[in-house]
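First to last, the sequence lines map onto chains A and B. FYI, in the working numbering the residues of the first sequence are 1 to 324. FYI, in the working numbering the residues of the second sequence are 1 to 290.
Please keep in mind that the hints were generated in silico from the structure rather than gathered at the bench. Watch out, some of these pointers could steer you wrong.
[Claimed, not checked] Quick list of simulated restraints, FRET-style, between CB atoms: (1) B:D163 <-> A:L208: 44 to 52 Å; (2) A:R100 <-> B:S117: 51 to 59 Å; (3) B:W100 <-> A:G219: 32 to 40 Å; (4) B:I62 <-> A:D157: 32 to 40 Å.
Using N, Cα and C, we set each Cβ at its ideal position, and we do this for glycine too.
The chain contents come next:
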Amino acid sequence: MAIKVITPGLATTVQDLGRPGYYHLGIPLSGGMDRFALRAANMLVGNDEGAAVLEAVFTGPELEFTGDATVAVTGAELPPRVDGQPRETWTTFRLRAGQRLSFDFLKKGARAYIAVGGGIDVPVVLGSRSTYALGALGGHEGRKLQAGDLLPVGKVDSVAKEGRSVPGELRRAPTMPAELRVMPGLYWHRITEASGEHFFDDEWKVALEADRIGYRFKGGRTLEFIPRTPPFGAGSDPSNIVDACYPYGSIQVPGGSEPIVLHRDAVSGGGYCMIGTVISADMDLIGQLQPHTPTRFVKTDLEAALAARHERAALLEQVRSTLR
Amino acid sequence: MTRYSYGGDEHIFVEVDEEMSLEAFFKSLSMTNAVRESRIKGVTEICPANASFQIKFDPDTIKGDDLLAELKKLERGAEKGDSVLKTRIIEIPVFYNDPWTRETLMRFRERHQDPKSTDIEYAARINNLGGIDGFIKAHSGSPWFVSMVGFVAGLPFLYQMVDRQHQIEVPKYLRPRTDTPKLTVGHGGCFGCIYSVRGAGGYQMFGITPMPIYDPQQQIGYLKDFMVFFRPGDIVKWKPIDRAAYDSAVAEVAAGKFAPRMRNVTFSLGEFQKDTAGYNHKLEGVLNGN
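This is chain B alone, in the form it adopts within the complex:
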């Protein structure tokens, strides 16, 4: 049941569902797309999130109650939508169990649930994945949806495209760290993320990607048009790499030669739900085909 609430006099907050699901995410995304297309005067920010969204508006231009009525009208339209999304699938290389996140997590061991293991060992154990290798296989074995971009500039939240029983779930740190290496691949609750900048964080740390996703200088080739790489609705496939591949990717980025592997794709929620494994296999085919 969709819940509407004012966030002060300048925001309307809409919770599509209390719990996370792809259905709730799709409804939130299609409602925010509809708000954008309807170009309602006075709307200044349209922010989709995992299972909710938020509209910021200028109450001097549009009355909150009028905007609320508009949103409810758009909700009825979104429910009729067929949940098809034109988007991109992107391969993100990950150096799992790398020395930099390991060094950081060791510094904050007293803030962790299990100070005797590393984050990846702990996550593997509580998810019954039989050690680090099993964890990497599960983590990189299926695609993930970018269900929200935010927290800090350009940080994607990712939702694993498998049924609920197979989703990796971990608690956040007992107390947040004051440091996280830039481009750390993390996880908290059922969500993955990539830390776009160095800074505080509470998600478990599993690895690091050599691929920058935020460049305020706009000097990196694929970030020249816009400084933020991810958009809600992007699909991500992790690719495990070793130290040598990591180092050479970092060198490619520095030389301006790195280009992420990505393809345009149309995602259908209905088709996905009918045969999750088969559909994910097809998505991978699109990514790896030429």
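If we strip away everything but chain A, and leave its shape as in the complex, we get:
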């Protein structure tokens, strides 16, 4: 069985849970930006949670299936249609050989996860099927999908039942404004106390430059740096540091304006100071933010970050037991 790509959508890529272990060589994790939604989509079609799926951003692809298939679409509210007939999101449905899957306009969120029973069976590269487009690595030929692509689908062990669904209260959508919890740290000491307060007080908006590498925010006051003599090798701008590693979720502020939060296809390092890191529990949420979404950064600490992490794990466990 295979999937023919009729139209690719804006930037649809093959993703699984990612490719750990190569960040020290500049090869980032990659994988779905909203891993909760990715796991749920796989559970709905009876796959392993980490099987490869399609991640569609803002607009969906149009796909034709060469054989019968079990499908689920989670994450963003991107309503699916089978040969023009509407289907529910977060719900298992069936396609017959020759039928087409298409999508309506995006209603909520940013990224939809399209899981197919058997998983997208592109070759495993360095332990993962995820696409890292900047390095032309993994996924389908190391790039986003194009019209005419043919995607192999893996063997199905047991066909999942139609109509299974993740209850609404277990789906997580961004609040308005979106809230991202941040642990200050890294080079936080480089900005003034007043700027540190502004960063958390101001309302920011997701900028147009928001992709798998990172999300840029604008609209808050420019951050001021504490004056210093630049350390040797750092560069003369006050926001420069001797090039260092960038944590996933770290917030860098080139020139003091427009913070950038790095995500799954992160550049692994560079010379801009970072003032803190979005906690792991809120990373999925970033993948569902559209440009212009009002966003607040909320100060938190390690203890609260770990509590939030456990809450997320418990929510996922609830999805598992619902679908078991």
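Once you've looked at the hints, dock chain B against the given chain A.
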């Protein structure tokens, strides 16, 4: 003074020194080697950088505070280390002042500090190297350490192995370019680099190498075992080449016949510091000997 910071709940960031030095790089490298050897459960990524490093971990497997305590213990061990590194020295051919980086830099002149010069002319002038030839001589005259691999897949950061007064220093572009030719030899702050893929970049552009350093298809002979060529700790010596040599190297790569010149070498920081010029001369001897 080593500084530890959490990067969220999944990373510990360790700044060995605020400023760049070979001492800080060696301490960072030996600490990351020690972390790798100690096989701490729950550690998922170990990333050495120029004068700092980063550990990614699974907080469900190891508590951050326990990992922090482990790292501090390893730091005391690293300070006792004798800064000796078994590594490789590699010759990288460079076509300086080439037409492709020149074409690119001309397209982004309004983002440069000095729109009237090329990047190499500008770097030669602000480093008092007396023009392009003097610049090439200084740039290729001594070896460089790969002090970090990253930014994008397989991109090496390089640190010139000369005393601080003689290091080439240039600012980054005022605003980053949206394009850089693949295999451009660049420089920003005190660091050199080779752009492993085509894409955005802010470093000054001095030339281009015909030698691929990243091959996700793993078809190039010396990249068949692993797609990324460089490792932190590699030593590089640039070799200036002209257009004819560049073209023939490109043809060799395409025919699968290109093999980089490289030798295994043991580097001692102590010996290097005692007599930098003499030690670099010895390294070159290893590279060129048979």
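We went through each hint and held it up to the structure:
no.	hint	in the structure
1	B:D163 <-> A:L208: 44 to 52 Å	46 Å, holds
2	A:R100 <-> B:S117: 51 to 59 Å	57 Å, holds
3	B:W100 <-> A:G219: 32 to 40 Å	39 Å, holds
4	B:I62 <-> A:D157: 32 to 40 Å	34 Å, holds
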